[in-house]
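Colleague: If you read the protein sequences in the order shown, they are chains A and B.
Heads up, the first sequence stops at 398 in the numbering used here, and the numbers go up one at a time, no gaps.
Heads up, the second sequence stops at 563 in the numbering used here, and the numbers go up one at a time, no gaps.
Any given hint might turn out to be false.
Taking lysine-lysine pairs in the DSSO-like style, the calculated list, with each CA pair at most 27 Å apart, reads [unchecked claim]:
| no. | chain 1 | residue 1 | chain 2 | residue 2 |
| --- | --- | --- | --- | --- |
| 1 | A | K172 | B | K330 |
| 2 | B | K371 | A | K173 |
| 3 | B | K478 | B | K519 |
In short, the hints are calculated from the structure, not lab data.
All figures in this text were calculated on a predicted structure; none of them were measured in a lab.
The lines below spell out each chain.
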Amino acid sequence: MVPSIRDLVGYVENNDWAFTQGHRLCPGCNAPMVANWATLTAKSLGYHPVVGLATGCLEVSSTIYPYTAWNVPYIHNAFENVAATISGAEAAYRSLMNRKKINNDKIKFIAIGGDGGTYDIGLQALSGAIERGHDFVYILYDNEGYMNTGNQRSGSTPPGADSTTEPVGKVLPGKLQLKKSIVDIIAGHEGVYAATAVTSEPWDFMRKMQAALEFPGPAFISILAPCVRFWRIPDDYGVEVTKLAVETKYWPLWEYNMGIYKVTKKPKTFKPVKEYVLKLGRYSKLMKRSDANEILEELQHYVDAKWDRLLALEEISKDKPIRKKI
Amino acid sequence: MPVKLTVTGAAAVAHAMRQINPDVVAAYPITPQTPIVEYFASFVSDGIVDTVLVPVESEHSAMSALIGAAAAGARTMTATAANGLALMAEIVYIAASYRLPIVMPVANRALSGPINIHCDHSDAMLVRDSGWIQFFTENHQEAYDFTIMATKIAEKENVLLPVMVNLDGFITSHGVESFEMLDDEVVREFVGTWKPKYSLLDVEHPVTYGPLDLFDYYFEHHRQQEEAMKNAYKELPGVFEEFAKISGRKYDFLDLYKTEDAEHIMIVLNSTASTAKYVVDELREEGKKVGLVKPQVFTPFPKKEIQQVLNGRKSVVVLDRAMSFGKEAPLYSLIKSSLYEIASKPSLGSYIYGLGGRDVTPEMLRQAFEDALKGNLIADEQRYLGLRE
């Protein structure tokens, strides 16, 4: 059962948030929505979330000692190791349950990291934790750059976007490479649940969150969550933009479960990816360059091909899991 | 009844871990530590212990996972060496700052580069300021005993610090020697059960581990770590006392060998102390008043004990199995600074030996003693034993 609006209103009315008010994230930031939806889903299903965070915006803004915005058990360790940290907590849980030192079968482990801590420096720890089969949900809030340190490029930054370590300049058009396809990398671990989500589709996210929580092993959700500041968009525009990301095939919504691919939203018509790009100030420098169209054409070709490939994967994997257990 | 086992040092340490039966052990291989986690993994595989083993993908994740596990209330252990310790160094600091009582044997090995798999203490010295309690052990018996005592001191409520048990790579870890193993029940009772005050699994009382600690509190928290280290210094004699009751082996901050009337003293860590004791015996037979001091507790550094034992001696030679480039050798500089406050200062000599597993012979140690006996020591001169010049 996906949580109903009535359930969620109950939590809000009783001020029973796992991630409470008082954090210092920027106005318009999409990360707190992710934290709230993930933990509310867990709570509304009767689980007790234990949360781990990688160093990043969400972490430094929510736990400034002696304050904390977390009303559930919480651990932050370092930038690159939230998956390893939460895998240790999960191992402790198994051990202490086995040894009957604790008695609570409702605990669920949720690790949250940004794209820098997931696509790049934290990928090894994440891969290791998934391969070992720990029972946890990893949520990547993907704002496509190292935003906590001030808009540096990451393995998730799309081509042509302006960042401080690959700025759009007189010679170079910003980042030259396409985004790393992180969900495919995670799906490559096979014994895993993996999905994409966006902040404009909360119910889709919560349904996937439920699937992830109930999956008996590692699960991963990558949610496109804009940084309004470095995407150079108005404070109230983050959700609008992710809606457009889905409508332009920039960010298709799909999931992977033990080998089976499923596209979870299939718009009948798509808008050109240029429409999405033009809404983001991080591309305004690129648009002034003579090679802007070339880069956008490449991006258009890429998103079209990826979409076709997804549909094909869905078709050939239907009812054909490649693994029965983790 | 305690039994005599003739095994490698790695096996001795693994037996201590088996008897402690931690809740979670993280395992990653690195020479010469690997056999410790291999033996332990076989105990898990054969159902001899019911520990949850986490076979991580790196030492960095080993320490990270143990932080998660320890914060969740588990009793945790791992083992490492050299580059493994260097890779986890970032997280080693975090473990101490979160006050998590993790226990980690370290099979001391040279820190690259160039790569070298043999014994020296450059790995332990890399993390000497990380806030861990550090024991140094001479042989199998001590490696086994100190691993057990480490659990006890780490979990004292006024301490709550992680502990490193250093043993010499290959020399101790792979050398076969006899040691006395206590009964399983005796060890189990000695270490007791670990009941942490704060746990991530106590969902009724949520805690936040690892917040952003800015300039308004960070300083105070580090001061608290220092207080914990002072408490460890105060609590250790009690742990030594309790351990003596179950084992008959009474340890102290310093192992003193023939120092009572000694005029010339050598200070050295770990297995080289065995060779040094042999040399002391030889020189004693020749009527030379020499003795040996082997610090078993390196952090908290037993400064007062060092001062007491060195006050009024003619000379002291300090042997380091690690370098501190551009500065005085690590153990030497600590000994030298300890002597600043004493009334009658001995003359001092600094000797580097055994780097990268270079063999240490009695003749080499004798050389250092002879310099002392001849009054040929220069406090500012770093000398080398067994180095081809």
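Colleague: Determine for every hint whether it applies to the structure shown.
Modeller: Now the hints, each set against the structure:
no.: 1; hint: K172/A / K330/B; result: holds (23 Å)
no.: 2; hint: K371/B / K173/A; result: holds (14 Å)
no.: 3; hint: K478/B / K519/B; result: holds (14 Å)
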